[in-house]
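Participant: Spelled out from the first residue to the last, the chains are:
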Amino acid sequence: MVDRTGHVTSDRTTSNAYWSANVRIILISLAVWFACSFGLGILLRPALSGIMVGGADLGFWFAQQGSIYVFLVLIFVYALLMNRLDRQYGVDE
Amino acid sequence: MDQFTLNLIVVGITFAIYVGIAIWARAGSTAEFYAAGQGVHPVLNGMATGADWMSAASFISMAGIIALAPAGGYTQSAFLMGWTGGYVLLALLLAPYLRKFGKFTVPEFIGDRFYSGGARLLGVICLIVISLTYVIGQMRGVGVTFSRFLEVSTDMGLYIGAAIVFAYAVFGGMKGITYTQVAQYVVLIIAYTIPAIFISLALTGSFLPQMGLIGDYAPAAGDQAFLAKLDAVVTELGFTAYTADTTNMLNMFLFTMSLMIGTAGLPHVIIRFFTVPKVADARSSAGWSLVFIALLYTVAPAVGSMARLNFTTTMWPAAVSGNALDGEAVSLEAIQNDPKLNWVKTWEQTGLLVLKDLNGDGHIQYFNDGKLAAENKAVETATKALTDAKAANADAARIAELEAALLAAEDARKAKGGEVTVGGQTLTERGWIASEVVKIDNDIMVLANPEIAALPGWVIALVAAGALAAALSTAAGLLLAISSAISHDLIKGSINPNISEKGELLAARISMTFAIVVATWLGLNPPGFAAQVVALAFGLAAATIFPVLMMGIFSKRVNKEGAIMGMLVGLIFTSVYIFLYKGWFFIPGTEVYADVPANYFFGISPLSIGTVGAVLNFVVAFAVSAVTKAPPREVVDLIESIRIPRGAGKATAH
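Heads up: the sequence lines are chains A and B, in that order. So in this note's numbering, spot 80 of the first sequence is number 1098, and the numbers just go up one at a time. So in this note's numbering, spot 608 of the second sequence is number 667, and the numbers just go up one at a time.
Bound-form chain A, shown alone (with noise of 0.2 Å):
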């Protein structure tokens, strides 16, 4: 079996900026995972009930279908400006 894990890349001030420009997009992501999920699908709720999308309020929407739609094109978004960041930072396979 090949060992994959030997490779460490030399210039370790480059490393550095990569991946705290990935930790970012990672907390943005996850932001967006809670808001819309937690947020806007739980704790908000109540304070959203007078907001319909079609036949169901605003909350219960994101509960049963709005999260799910979200965490779908979140997962995409990411992954497209994590491509980039690789390309960016010459990271990338």
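The hints are simulated quantities; they were obtained by calculation from the structure and are not laboratory data. Note that this is a predicted model, so its numbers are computed, not measured. Glycine is no exception: its CB is placed at the ideal position from the N, C-alpha and C atoms. There's no promise every hint is true.
[To be verified] A short, non-exhaustive set of chain B residues, derived as facing chain A with CB atoms under 10 Å: (1) 130; (2) 133; (3) 137; (4) 150; (5) 274; (6) 284; (7) 286; (8) 312; (9) 347; (10) 613; (11) 704; (12) 706.
[Claimed, not checked] Quick look at which bits of chain B chain A covers, simulated, 3 or more residues with Cβ under 8 Å: (13) 296-310; (14) 333-341; (15) 351-365.
[Said to hold, decoys possible] To list a few chain B residues with every Cβ distance to chain A over 12 Å, as calculated: (16) 215; (17) 257; (18) 400; (19) 647.
Could you slot chain B onto chain A? The hints should help.
Facilitator: Quick look at chain B alone, frame taken from chain A:
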């Protein structure tokens, strides 16, 4: 052609496909057996992950669990958000880095990152407890589906299912399992959506069930939203509205979080992302997995709520266009003779639906008699005692005594009827005794749909094949996680590190066979607590595996001592809290507290405790690491290496 032959043909064809794939995708190396040679296209891996993830419970039970929840359908949204949101965590926090790590099992990462055989062993223990508890339900699901659709005994169905899994899992390993799961996904999603589309068209005029859920109720000609109609009908009969708010927001929050981080920490899901060629593919493959999962999960609440309305209007025909109680309840005569109500008879025969004309008026009154729960239980117990005594030929005096007890229980229930009101009148005033729908099983909400919507027989056969596909694919994924932990982590990792490639492949096949035998045995002799242990599987995945993996990637400071202490605290805290309410090691009668919300600490149910366990794991791991020695240089190098995609290793072609 009768329904049975049709079921046999459709299920037979799908099984032939699975075995054909198994022969084509035979694994020739350990890399193929554990990780399908790391050459699976991300979209195909997404489909396979979808099938792997969606179990018999997702396919058959989830819609009913949501639709028939006593506290209302909204409170069960935790399942929908939790079981999908976990994939966001997987994509962002775990999958790409573990793929870069480039090895085959979850305990292997824990062992290498925390430079400790003990940590790896702890990982193996958690993995086996999580996966074994999970696989019992799948094996039961296979047996039950067989017995329901193919007229064999549950045990016989289990043997057939185990033989099929054996055929493709032992020979094909992850490679065989992956390509079979792709086929199984296609079968299960078609089987789930076809009835849903027809029911949505009938009730809301909308082709997409997702739009139907928020659309208008068709028979009201655009005057009323579907959800408003459902809420009106069920509340009229005394049930909680489908869209009613939760009464315990903290618990709903923690439950959703437990399911999310539990999903991200389930070993059989994580290892799916070891099969793709590149780190970038691991990210996008999590997205594709969610696409295929969302196809079912966004339809499920629509299927459930629409089936609930269909069922209720069947019981109260006047509710189709007005108030339920303005008309008569459905009559026994209609159930016997109306061809449109054939499905009621069919499902009564299976015992999933039990109707009893308690007041003898020839109609079946369906309403919420939750307030009579204690009285209903007393009557049930008295009836059972009497039947048992008669069967055992007890003497006349004893039977007379039990008959008197039953009468007393029935009278007590009648008396209580004066205090329970439906639609502004007491049961006594209405001449009702209790709800005459004595039992309605969650599973009906999916299984009976093709018949409710009067779809042709091949759709019913497809639902049978879909339920089997859902159960088999999840079982196979779990069995692979178990067998690779045994052959790779235990045998190669500690017992015999010098084992040859060929020897390990053989060990992997023997471990897989062993895992199938154990799972089959557990399926044949299920512990009475099969349903409850799922809480344990998610709780432990959330409180042990997820935190240790995340800290292993995102912290360079968390060390061996911290990881082991964190995992132990998460493991012990979470299992003890669950055991307090479910019994020590689930042995009935050893519960410390009754499993009711009033007894929960801060209202946190045992299902939701995984989140707290995870937080404790993080806190303990950081605290212990801070006062012990930092990880050695080569471990820091390993962490830096997995954080960078370049150099993930060539994929093997196949």
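Participant: With reference to the structure, classify each hint as holding or not holding.
Facilitator: We went through each hint and held it up to the structure:
no., hint, in the structure
1, 130, "violated (14 Å)"
2, 133, "holds (6 Å)"
3, 137, "holds (8 Å)"
4, 150, "holds (5 Å)"
5, 274, "holds (6 Å)"
6, 284, "holds (3 Å)"
7, 286, "holds (5 Å)"
8, 312, "holds (6 Å)"
9, 347, "holds (9 Å)"
10, 613, "holds (8 Å)"
11, 704, "holds (5 Å)"
12, 706, "holds (4 Å)"
13, 296-310, "holds (count 4)"
14, 333-341, "holds (count 3)"
15, 351-365, "holds (count 4)"
16, 215, "holds (38 Å)"
17, 257, "holds (20 Å)"
18, 400, "holds (28 Å)"
19, 647, "holds (34 Å)"
Hint compliance for this structure: hint 1 alone is broken.
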